[in-house]
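Participant: Kindly produce the complete structure, drawing on both the sequences and the hints.
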Amino acid sequence: MEFDVVIVGAGPAGLSAAIRLAQLAEQQHTTLTICVIEKGAEIGAHILSGAVFETRALDELIPDWQQLGAPVNNPVTEDQFLYLTTLYNHIKIPDFLTPSCLKNSENNHAISLGNLCRWLAQQAEQSGIEVFPGFAASSILYDAEGAVCGVCTSDMGLDKQGNKKANFEPGIELKAKYTVFAEGARGNLGNELFSRFKLDADRQPQHYALGFKEIWQLPATQAYYSAGTVIHGVGWPLHLSDTTGGSFVYHLENNQIAVGLIVDLNYANPNLSPFDEFQRFKHHPAISRYLEFGERIAFGARAIAKGGLRSLPKQQFPGGLLIGCDAGTLNMGKIKGSHTAMKSGMLAAESIFEQLCAVTPDKEADYQFHFEKSWLFDELQQTRNFGANLHRFGEPLGGLLNTVEQNWWPKLFRRPVPWDVTDIREDRDSLVYKEHAKPICYPKPDGEISFDKPSSVYLSGTQHEEDQPCHLHILYPNLVLESHLPDYDEPSQRYCPAGVYEIVELEGKKQLQINAANCLHCKTCDIKDPSANIKWTPPEGGGGPNYREM
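Residue numbering for the sequence shown is 299 to 848, as defined by this note's numbering.
These aren't lab readings, by the way, just hints derived from the structure by calculation.
Because the structure is a prediction, the values reported are computed rather than measured.
The beta-carbon is built from N, C-alpha and C at its ideal position, and this holds for glycine as well.
Check the hints yourself; a few may be wrong.
Quick list of simulated restraints, FRET-style, between CB atoms [stated by the list, open to error]:
id : residue 1 : residue 2 : range
1  : Asp500    : Tyr740    : 18 to 24 Å
2  : Gln811    : Leu538    : 25 to 31 Å
3  : His734    : Val802    : 24 to 30 Å
4  : Lys709    : Asp362    : 16 to 22 Å
5  : Gln365    : Asn461    : 49 to 55 Å
Derived EDC-like pairs (lysine to aspartate or glutamate); straight-line CA-CA distance at most 20 Å [stated by the list, open to error]:
id : residue 1 : residue 2
6  : Lys612    : Glu490
7  : Lys612    : Glu724
8  : Lys463    : Glu764
Facilitator: What follows is the structure, encoded as structure tokens:
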């Protein structure tokens, strides 16, 4: 199948690129064939975000979004920032010590990003764009000159040994003049593009965090619920393990609360379990009071690209563009990536359309030119040191430096800070050997506030066809038992939030068991394995989590 533009991923970046392309074509009274493919069973099924949403990009893309019924109806009414000092105590950070980029106004909304993407997909289809959920892009197509010329979707109906079953359907080649990759953080095809076109040369390594989110349904009588309340926090329990991250509680519509924890993946202690950190975090009295008498109705986890401008790769290459969280456009200083992903998609559309209309089009659309002239560049430039300050100096010193950079320096000098803070160590390289790490004893879940992994995976709606090839590839199996188990007690048992990896004993011998059906597609294993020994690839299209209201 041939198109003018193929877009991989129906998140905010990919859908915004498609809609903007259609708008530009309509303005110029021309026709474009545009295709968006999405590996989730439906649009929004794999979308996971907090999310406090800044409407700036949406205002530009669809100015009448309110009249058209966009699911953005929960303006921020109260904004708090907490430092959790111990299990029982916390401090409310005053405004003058809170970085200005972290503050939210009534122009921001606490929403479900999945629902917004479903709405954006409807707008795209009404513009004549082909949107195909349930199709995973498994490989990139290149022309004779080495330029990207499309993607191929994965074969469907293969058994565990790779043999064709009765329902076998071969993958489809989707060819395009330009291909846009918007797979989200740590996209598997994005990884290939990094290597082939050296997109990350002269850049700092990308840095990641693992974000958890639960949605709780509260009774109408819950005294502490107030729609539009936004609470961010740092400190306990992560500082007990000498690592950094943050937490959030967002009061959504309809007596629902989103609660989450973000764990930076540069942590050193191999005994740390991000999932269990999240479960014990909820027991802090400043958090648990919002969950009393409530029912947990959804769970999810996803890696977040948080390196910022210094880790942003070259986003253009012959035949295509890498956008949104696939490139790493999240603004760590704001803890927001949806509006930046949308703007990234819009800039991609404008650079591609410019070439499609050119007398002699260039295979490489000039995204960088449009990017550097945009507010997106200015915003990422302003907060370029935010994550590195926390990684290098920890809390609270890194937080204080961020306050200086965001609040006081601009007021005094009316320009961004002139210095850059480097952060050149890969997240996977930060683990220390287990004999140098302190043990961590996590409390057992109580089934009321904290829960185990199996019940959590169940709430994610995760499903995979059992009889299909394993999509999680151990590149060098001997490393697990010869190195990772004796050195780190095989950390995948703990950093995976879904219990995919287990060390089991069979016939007196230990081995790594992979429960691929549990996989949440969070990509943590592809990021944190100390030897880069796990390669995540997409399973059959339609597999994975089926998030609702996330």
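Participant: Check the structure against each numbered hint from earlier and tell me which ones fail, lowest number first.
Facilitator: 1 and 4
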